[in-house]
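Chemist: Going down the list, the sequences are from chains A and B.
For the first sequence, position 312 matches number 312 in the UniProt record's numbering, and the numbering has no gaps at all.
For the second sequence, position 247 matches number 247 in the UniProt record's numbering, and the numbering has no gaps at all.
What the hints contain is simulated information worked out from the structure, not anything from laboratory work.
Hints may be right or wrong, so weigh each one.
You can't tell identical chains apart in this list, so a pair holds if it fits in one copy or across any two.
Straight-line distance between alpha carbons at most 30 Å, and here's what the computed DSS-like set of lysine-lysine pairs gives [unchecked claim]:
| id | residue 1 | residue 2 |
| --- | --- | --- |
| 1 | K18 | K252 |
| 2 | K252 | K15 |
| 3 | K3 | K252 |
| 4 | K18 | K3 |
| 5 | K3 | K100 |
| 6 | K3 | K15 |
| 7 | K100 | K15 |
There are 2 protein chains.
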Amino acid sequence: MPKGPLMIIGGAEDKLRKRTILREFVAAAGGEDARIAVVPTASSLGIEVIEVYDALFRREGAGDVIAIRPETRDDAHDQTLVASLRAATGIFMTGGNQLKLSAIICGTPLGDAILDAHERGVVVAGTSAGASIQSSHMVAFGGPGSTPKQRMTQVAAGLGLLDSSVIDQHFDQRNRYGRLLMIVSQSPQLLGIGVDEDTAAIVEQRVVHAPDDPDVAEGYDGAPHALLRVVGRGSVTIFDPARITTNAYEAKRSNPILASGIVLHTLPEGAVFDLTTRTLVPPDRRVAIEEAASFAEASHDLRQMARDIAAADASPTVLRRRLARTRKKSTPAAAPDGVTS
Amino acid sequence: MPKGPLMIIGGAEDKLRKRTILREFVAAAGGEDARIAVVPTASSLGIEVIEVYDALFRREGAGDVIAIRPETRDDAHDQTLVASLRAATGIFMTGGNQLKLSAIICGTPLGDAILDAHERGVVVAGTSAGASIQSSHMVAFGGPGSTPKQRMTQVAAGLGLLDSSVIDQHFDQRNRYGRLLMIVSQSPQLLGIGVDEDTAAIVEQRVVHAPDDPDVAEGYDGAPHALLRVVGRGSVTIFDPARITTNAYEAKRSNPILASGIVLHTLPEGAVFDLTTRTLVPPDRRVAIEEAASFAEASHDLRQMARDIAAADASPTVLRRRLARTRKKSTPAAAPDGVTS
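Pulled out of the complex, with its shape left as it was, chain A reads as follows (with noise of 0.2 Å):
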């Protein structure tokens, strides 16, 4: 099954402070056997972009660096670049201009060598515009706002790394609401995923368990699913239009579109997805500590009530004191600031 991790993320990732997002895409890498290809081609800079990316995966034990920069579609073509491509243990697309980055990578050798490199089980990670390319719909561009308008926003083709599904980046800091669920109105085949600054959606294939609800369990047919996962100081919101009613169709000018039914998904870090059945994965149940300790321990006295019970020695009042006994004990270890009752 391989296929590679996709890292999507919102753009503004930590480079300074914790800097979590870059070290799991080198780890994801290989580590210190990483071979990281850069691509900068979205960014209007250049070589600084490159060296300020390679200083920042050297630090995380990256085990080389190589920038892969084409800057027009002939440079998509040449073969040595390719080859260089073929090379790598993880691809990260930087930020920048997603339009010049698909039309000089899209259907040229170098975009085939990066779809290979995810089919055989390499990382693809890219941020702002590199996120924006690996879905199969892409924003090209467009305006803010929550609202949703005819026109606001213009669709082109991405590299397709994930199928059946638009991204969008800077979600949250630019007020990219309106601008996906315009798209996902137009068209309610695809999947919008709106990612936040310094916050990674990373797609993995999983095999997953058949839940034990046969109604939930159809589906579950032994194949990978695709989940994805959240890391990151924001949130990844989903939109799911499949049972959508809309006027997208014929709405006029720029006016505001009707949409029904979407159904939304905002995931903070931790969060995992399942991309495949379009359902949340329920999280692990989380125990408080202190209400675990106090259930134990209330646990412990009805054993020993009904102990004394079935030993028949026990009035009800030896009982009464013996419980009063026992709670005067257990209040210091009363809940601590923090932990609701």
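Dock chain B against chain A, hints included.
Modeler: This is chain B only, laid out in the frame that chain A set:
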């Protein structure tokens, strides 16, 4: 059943040009027979706000406009003030600080008189703060942003004209997705309603006919439904969290909140939403006039052909010629600009 219409206006309603919303309010209040009570308590201005709305409502033909301006809870117990409100055929609450408005009128004879007026069929409108206070649960204040985060907003008790709901305003313009998502994640029995500027959600009681589909017809017992209709330039956004999965009860500090499975509706002018069943009321089927004309013509041709065949006087060649003649005739009427084929 009389329960009056509610007009929930997202702030900044057009006062100078088309004035659609204010005009609709004056009409609902009775036009030249209207006796409109303006409640400017939310505003830090006072006489200026009253003067503006007085002029606006009179320009739309309102018979009488009075000011009801309690500035303390004592004022809101004043029987003269309460009596003037009782004579109103329409009530309009201005913008400003909704927490000031609710602190002064909720739970007083004046607040109760507004609820009574609604019960007996009087239209109650409010813009901005005057919109927020209409829901059972009220956004007191909070910050902007599209990603829901713990503690980003505060809830207070509203007047409760609309039960089981929380209303937010200036929704698109001030990017208030996040805070409304936070509230419905913490209180999934509430319906979240976000209203854009110069836009009104008009809620009216209507007996709705049960749909033909017996699966859907359940619950249509002849009792009136609350229908929300949208008027104005922007949209009304509805968050239905009935089937939410969330960690809102345990998210720490100001971290992003997990909210999965919220159903989202974004409704532009003309859309009608059934608050009782929480579903979109299907829009009337609209037929493009040219498309209809072209089908009518084709249908006429087909009837002619059927007659010809029935009369057994026509060879295929005759039919083809006749068809070619008819088509040629109708070519100039081809689809005009703006009609897709």
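Chemist: Now tell me if each hint is right for this structure.
Modeler: Against the structure, the hints:
no., hint, verdict
1, K18 / K252, "between (47 Å within a copy, 19 Å between copies)"
2, K252 / K15, "between (44 Å within a copy, 25 Å between copies)"
3, K3 / K252, "neither (42 Å within a copy, 35 Å between copies)"
4, K18 / K3, "within (28 Å within a copy, 57 Å between copies)"
5, K3 / K100, "within (26 Å within a copy, 58 Å between copies)"
6, K3 / K15, "within (27 Å within a copy, 58 Å between copies)"
7, K100 / K15, "within (24 Å within a copy, 45 Å between copies)"
Hint compliance for this structure: hint 3 is the single one not met.
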